[in-house]
Amino acid sequence: MPVNSISSTPNALVQSLMDMRAQFDDLQRQLSTGQKSATYAGLGSGRGLSVSLNAQLSQLSGFDNSIDMVDTRLQLAQTSLGGMATIGNNMKALVVQGDSTGGNASSAQLTAQSSLQQLLGLLNAQAGGRYLFSGRATDQPAVETYDHIVNGDGARAGLKQLIDERAQADLGASGLGRLTVGTTASSVTVDEDTGPFGFKLASASSGLSNATVTGPTGSPANLTVNFTGQPSDGDTLTLRLNMPDGTSENLTLTATTQSPPGNNQFTIGGSIAATVSNLQGALSTSLGTLAATSLRAASAVTASNDFFSADVNNPPQRVSGPPFDTATAMTAGTTANTVIWYTGDAGTDPARGTATTRVDPSLVVSYGTRANETGLRTMVQNVATLAAVTLSPSDPNESNFTSALGQRVGTGLTGTPGQQTVTDIEAELAGVQQTIASVKSRHQQTTATLNDMVQQISGVSNEQVGSELLTLQTRMQASMQTTAMLYQISLVNYLK
Amino acid sequence: MSLTQALTTALSGLNAAQTSLSLVAGNVANSQTPGYVRKVAVLTQNSVGTDGTSVQVAAINRVLDQFVQAQLRTESAGAGYADVRSKLFSQLQDVYGTPNTTSTLESSFNTFTSALQALTTSPDDPTAKSAVLTAAQQFAQQLNTMSDGVQGLRQQAELALSDDVSQANNCMQQIAQLNEQLSAAGQDSSAASLADQRDAYISQLSKLMDIRVINSGNNQVTVLTSSGVELVGAKASTLSFDAQGVVTPQAQWSADPAKRTIGTVTLTSPNGAKTDLVANGALRGGEIAGYLEMRDQTLVQAQAQLDQLAGAMASALSDTTTDGTGVTSGAQAGFDVDIGALQAGNTVSITYTDTATSKQHQITLMRVDDPSALPLSNNATTNPNDTVIGLDFSGGMASVVAQINAALGGTGMTASNPAGTTLRVLDDGAANTVDVNAMSATATATSLTGSVAMPFFMDGSIPYTGAITSTGAESAGFAGRIAVNQSLLDDPSKLVAYQSSIDAADATRPNFLYDQMVNATLTYSPTAGIGTAGSPFSADAGTYLRQIISVQGAAAANASSLAQGQDVVLSSLQQRFDNGSGVNIDQEMSDLLSLQNAYAANARVMSTVRDMLTSLMQM
Numbered sequence: 000m001p002v003n004s005i006s007s008t009p010n011a012l013v014q015s016l017m018d019m020r021a022q023f024d025d026l027q028r029q030l031s032t033g034q035k036s037a038t039y040a041g042l043g044s045g046r047g048l049s050v051s052l053n054a055q056l057s058q059l060s061g062f063d064n065s066i067d068m069v070d071t072r073l074q075l076a077q078t079s080l081g082g083m084a085t086i087g088n089n090m091k092a093l094v095v096q097g098d099s100t101g102g103n104a105s106s107a108q109l110t111a112q113s114s115l116q117q118l119l120g121l122l123n124a125q126a127g128g129r130y131l132f133s134g135r136a137t138d139q140p141a142v143e144t145y146d147h148i149v150n151g152d153g154a155r156a157g158l159k160q161l162i163d164e165r166a167q168a169d170l171g172a173s174g175l176g177r178l179t180v181g182t183t184a185s186s187v188t189v190d191e192d193t194g195p196f197g198f199k200l201a202s203a204s205s206g207l208s209n210a211t212v213t214g215p216t217g218s219p220a221n222l223t224v225n226f227t228g229q230p231s232d233g234d235t236l237t238l239r240l241n242m243p244d245g246t247s248e249n250l251t252l253t254a255t256t257q258s259p260p261g262n263n264q265f266t267i268g269g270s271i272a273a274t275v276s277n278l279q280g281a282l283s284t285s286l287g288t289l290a291a292t293s294l295r296a297a298s299a300v301t302a303s304n305d306f307f308s309a310d311v312n313n314p315p316q317r318v319s320g321p322p323f324d325t326a327t328a329m330t331a332g333t334t335a336n337t338v339i340w341y342t343g344d345a346g347t348d349p350a351r352g353t354a355t356t357r358v359d360p361s362l363v364v365s366y367g368t369r370a371n372e373t374g375l376r377t378m379v380q381n382v383a384t385l386a387a388v389t390l391s392p393s394d395p396n397e398s399n400f401t402s403a404l405g406q407r408v409g410t411g412l413t414g415t416p417g418q419q420t421v422t423d424i425e426a427e428l429a430g431v432q433q434t435i436a437s438v439k440s441r442h443q444q445t446t447a448t449l450n451d452m453v454q455q456i457s458g459v460s461n462e463q464v465g466s467e468l469l470t471l472q473t474r475m476q477a478s479m480q481t482t483a484m485l486y487q488i489s490l491v492n493y494l495k
Numbered sequence: 000m001s002l003t004q005a006l007t008t009a010l011s012g013l014n015a016a017q018t019s020l021s022l023v024a025g026n027v028a029n030s031q032t033p034g035y036v037r038k039v040a041v042l043t044q045n046s047v048g049t050d051g052t053s054v055q056v057a058a059i060n061r062v063l064d065q066f067v068q069a070q071l072r073t074e075s076a077g078a079g080y081a082d083v084r085s086k087l088f089s090q091l092q093d094v095y096g097t098p099n100t101t102s103t104l105e106s107s108f109n110t111f112t113s114a115l116q117a118l119t120t121s122p123d124d125p126t127a128k129s130a131v132l133t134a135a136q137q138f139a140q141q142l143n144t145m146s147d148g149v150q151g152l153r154q155q156a157e158l159a160l161s162d163d164v165s166q167a168n169n170c171m172q173q174i175a176q177l178n179e180q181l182s183a184a185g186q187d188s189s190a191a192s193l194a195d196q197r198d199a200y201i202s203q204l205s206k207l208m209d210i211r212v213i214n215s216g217n218n219q220v221t222v223l224t225s226s227g228v229e230l231v232g233a234k235a236s237t238l239s240f241d242a243q244g245v246v247t248p249q250a251q252w253s254a255d256p257a258k259r260t261i262g263t264v265t266l267t268s269p270n271g272a273k274t275d276l277v278a279n280g281a282l283r284g285g286e287i288a289g290y291l292e293m294r295d296q297t298l299v300q301a302q303a304q305l306d307q308l309a310g311a312m313a314s315a316l317s318d319t320t321t322d323g324t325g326v327t328s329g330a331q332a333g334f335d336v337d338i339g340a341l342q343a344g345n346t347v348s349i350t351y352t353d354t355a356t357s358k359q360h361q362i363t364l365m366r367v368d369d370p371s372a373l374p375l376s377n378n379a380t381t382n383p384n385d386t387v388i389g390l391d392f393s394g395g396m397a398s399v400v401a402q403i404n405a406a407l408g409g410t411g412m413t414a415s416n417p418a419g420t421t422l423r424v425l426d427d428g429a430a431n432t433v434d435v436n437a438m439s440a441t442a443t444a445t446s447l448t449g450s451v452a453m454p455f456f457m458d459g460s461i462p463y464t465g466a467i468t469s470t471g472a473e474s475a476g477f478a479g480r481i482a483v484n485q486s487l488l489d490d491p492s493k494l495v496a497y498q499s500s501i502d503a504a505d506a507t508r509p510n511f512l513y514d515q516m517v518n519a520t521l522t523y524s525p526t527a528g529i530g531t532a533g534s535p536f537s538a539d540a541g542t543y544l545r546q547i548i549s550v551q552g553a554a555a556a557n558a559s560s561l562a563q564g565q566d567v568v569l570s571s572l573q574q575r576f577d578n579g580s581g582v583n584i585d586q587e588m589s590d591l592l593s594l595q596n597a598y599a600a601n602a603r604v605m606s607t608v609r610d611m612l613t614s615l616m617q618m
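Just so you know, the sequences run in chain order A and B. Numbering-wise, numbering that gives the first Met the number 0 puts 426 at position 427 of the first sequence, and it's gapless, one number per residue. Numbering-wise, numbering that gives the first Met the number 0 puts 572 at position 573 of the second sequence, and it's gapless, one number per residue.
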C-alpha cells in the first residue's frame, strides 16, 4: 500500500524507508526462526516440493518407528526360539542316551516335565503386551498352562486322560492289542478287532513245516496257521504288526522241543492239538508283552499327536467311549470336554503372514509366528508325551516301555527331512531382521538427503541473513541520514 | 492627468502583489494538505486612458497536470484492486499455516498417516488406535478451522464491500454537489478550492472503482465506470449493497436473484432504473472489484479445494466399488450389478463403446433422494468426462429401470431388473451398434462393521455420500463439517474389528485405511481449479494436498508481487503529480521575496507620485 500522501514531501523516499524496515523485520524473523518464510507463498517455487518432502520425511520416520518396533519383537521372539531349540536339543540327548531310570517318574520324565513348563513359558513370550506366538490373536496367550495341558481343566480333559483313554482302546480288555488268538482242532487263528485301535496285522511269514499260513485277509483282517503235521524244532513264524503311530514290529515265535519254552518260543507238543494250544499260549504271551511296551508307547505318541494337532476350529480326535477298551471309532472332541493347548489364532494361512509391517513404501515384512507351527508343535508334543505318560515302576515291562517311548520321542524331536524345525523359524526371522536393518540404514541416508533439500527450500543460512542484515542496516542509516538532511535544506532557514 | 494615473496603477500593482502574497501564504499553509493543488494568480495588464497600463488579477489558477492526474486515477484503481487481492491472499496464506510447523494441514495429514502406519504394525495396541483417532480428529479440526478461515475472509470481503460501496456512494454524492456549486462559481480562489475538493473525491472514488472522468466544460465533470456506466452526471446515481450477515460455503453469487445468497452491487440511476453491476461485469478495477473477485472466485475455489480433499478422503475410507458380473441374454451381452446398497450420491458407472465411432463413453447413474435436484449437471461427479443421470429411487426398482431406460434411449443399451435389487444393462445384441465394456456400483458403508471400508469421517453425524439436493451438493463446505465418526471414537476397537470375531492383531482394516490414505488414487473435480476437464487431477490425497499448497502459494506470491509492482507505479506517478502540482516551499519563499520587492517598488512609485504632487502643490 503506497503511503497516502499527507504532504508533498518525497513520497517514494518514505515508502522505500518503510519497505526497508519491513525487510529488516523479516530478516530478523529469519534469523530467529531459521525459516525462510512464515507462509507458503514466501517459500518460492519449491513450496510444493517441500510439502512432498515433508510427507516423505514423515513417512520415513513412521517406517523407522515401525522398524524399531518390529526389531524389538523379533529379538524377543528369537530369544524365545533360541531357548526352545536348546531345550529340544537337551531332551533329544537325554532320550537318545536312554537315561530312563528312576522311581515313580523316571528322571527323564522329570526333565521332560520341567522342559515342557519352560517351553510353554517361552511360547507365551510377550513384547509390549503382545503375545508373540499367538498369530493374529496377540491379545491372548499362545498356549494353555502346563497344568491344564497335562492334567486337564475340570470337565475338559488333558493330555494324560487322552493318553490313558487311547491306551485302553489300543490295548483292549485282554491287553493283547485288540487281537483275539483262537484255536480250532488243527489251527491257530488271530483276529483283528474292528476300528482303528490296537495291532493291525500287516503280514505273516512262516518257516513252519507242515503248516500253512493263510492271511492276513479280510477286514477286519484275520490270520490262520493250519497244522497238517508237527513243525520241526527251530521253525519260525513271524507276524508283522502295524502300530497306531505308523511304526511296525515283527513278532517271531520259534518252535522248540524244550518245555517250558523260552521267550517267544512255543513247545512242539505230543499232538497237533497240543502244539496248536502251545502256539496259542506263546502268541498270547508275546502279544501281551509287545502291547504293554511298543504298542503302549505308540498309543501314547498317537494320542499326543491327536491332542497337539488340534486347534479351536478342529478339537482333538478322541476315543469314542466309555467304555474305551471296546471302542471301535474315534470321535471329535469339543472345546467343552477337551483342553485345546493352542489358544492363539487358528487360521490355516501361513503363520508369517499373521504379523506384517510395511517398512518401506514397497516392502512389507512378515514375521508372525504361531505356537502350533510344525517346528514348535513337534517339540512341545514330543516333550509333553514323555512328560504325561503314567509310569508304574512295579511293572516288569516298564523299562522296555520307556525305551520304546524314548526311541519314538527321539525320532519325533529329530523330525523327518523337509519338516519344519525351530531352527527354520529362527532362520526365517533372522532374514527379516537383516532386511529391516538394511532398510533402516537406507532410510537414514534418504532422510539426510531429504532434510538437506527441505533446508534448501525453506531454511536460511545464518551467514547470508547476517550479511544481508548488515548491508540493509547500512543502507537504512544512509537513507535516513539523507532524508533528514533533505528536510533541513529549505530556503525558510536562510530567510532573514 | 498622468500622475493620478500612475498612482492608480501603483495601487493596482499593490493589490496584485497582495493577492499573490495571500496565495503564497495559502500555498505555504496548505503545503501539507492532501489533495491541495498549488494556486497561482494570473495577472493581466489593463490599459487605462491613453498612456496608462495597470495590472489586474484575471484568475486564480490551479497548477495541474491533467494528463498525470488521469493516469494517476487509472493506476489508483489498479493499485486498489491489487492491494485488496494481495492483502486477502496473504491472510489466506495464514489459513494454510506456517511451513514446517504443526499448524499446517500437511503436518496434520502426515501425523494421521503415520499413526495409521503405526496401527498397521500394532493393530492390537490400544495406544496406536487412540493415536489414529486423535490424529484424525486433529486433521478434521484443521480442515474445519481452515474452512472457517476461508469463510471468515469471504465475510470480511462482504463487509468491506459494504463499506466500500457506501464510501463510493458518498464520493459520488459529493462530486455531484460540488459540480453544482462549481457551475455557479467564477474564476476565483473559492472555485479553485471546490475543484480541489472535487478532485479529492474523484481520487478517493478511483481507488474503489475503475472510473473514467470527462470534463464536460463549464467546470463540470461526468464520472463513468471504465465500462461506461454513468455514476455521476447531472446528478449522482446511488450504489447499494445488500450485505449478508453470515457467509457460509453454500452462499454463492448468482445472476439469478432467487438463487443469490450473498450481496451484490446495485446501481440506481437518478431516474430510478436499477442495474446489477456484478451481473453485467461493470466493475473491473478498484477495491470493489478486488473484493468481489476474492469473495466469488478465489476464496470459493480455496474452499472447494478443501472440500474436494475432505470429500475424497471420506469417500476413500467409506466407499466400496463392486464390479458387475457379466451376463448374456441371447445375442445381448452386458452386466449385472446389485444397487440395493446405494445411498443418495452413490453411483453406478457404465462404460460403453459406440461401435460406429469406436469411441468409449461413460455414464454415471447417481441416486438422488431429493427429486427437485433433478436433472443433474454433468459436473455432479468428480469425473468431468461422464454423462451424469440422477435417479429417483422412491418409486422402487421398476421406476429406476424406467428412468435409466429413458436416459439410455439413444445409446442402444437397455436396462432391466432380473431379480431383487439387481440392475442389468445389456447391449443391443445382433444390431451391434453398442458394446457395454464395464459396469460397477459404488456404495458408502454406513456401519462400522460388515465391510473393510467404514464411515471413518462423517458429515456431522451422517455418513458422507456426496448426495445432491436442491440446496446444492453435500460436498459444498464439507471441509467445515468433516468429523471423525462418533461411534468410532466411542469404540476404537472398530479400527481393527471390521466384523465380529476378528483377531486382535488382524491388520486387514488398518492396512486398508493406510493404503487408501497414502496410495489410493482419488479423482478430484477440476471445478476446484486443480486439473482440467481434459485431464482431471487424480492422485493420492497427499499429492492433492501438495497441489493445493502449491497453487495457493503461487497465487499469493503472484498477487503480492503484482501489488508491489502496482505500488511502485502508483508511487512514482504520485511523485510526478506532486512535483508538478504540489507546494514547494523553496519556490514559495523565492516568490515571497520577489513579491516583497514588487510591493516595495509599487509603494515607492506611490511615494514618488506623492512627492511630485507635493512639489506641484508648493509651487
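Treat the hints as calculated values from the structure; they're not laboratory data. Note that CB positions come from ideal geometry on N, CA and C, so glycine has one too. Be aware that a few hints might be false.
Just a few of them, taken from the derived set where beta-carbon distance is under 10 Å, the chain A residues facing chain B [what the hints assert, rightly or not]: (1) Gln58; (2) Pro321; (3) Pro322; (4) Phe323; (5) Arg357; (6) Ile488.
Status of each hint after checking the structure:
1. A least Cβ separation of about 7 Å between glutamine 58 of chain A and chain B falls short of the 10 Å threshold, and the interface hint therefore holds.
2. Evaluation of the proline 321 of chain A hint against chain B yields a violated restraint, the C-beta minimum of about 34 Å exceeding 10 Å.
3. Hint on proline 322 of chain A is violated. Least Cβ distance to chain B is approximately 38 Å, over the 10 Å limit.
4. Given the 10 Å rule on beta carbons, the hint for phenylalanine 323 of chain A is violated: about 34 Å separates it from the nearest Cβ of chain B.
5. Interface restraint check for arginine 357 of chain A: the shortest CB-CB distance to chain B comes to about 6 Å, inside 10 Å, so the restraint holds.
6. Hint status for isoleucine 488 of chain A: holds, given a least beta-carbon distance of 9 Å to chain B, under 10 Å.
Figure legend: structure checked against the earlier numbered hints; hints not met, in rising order: 2, 3 and 4.
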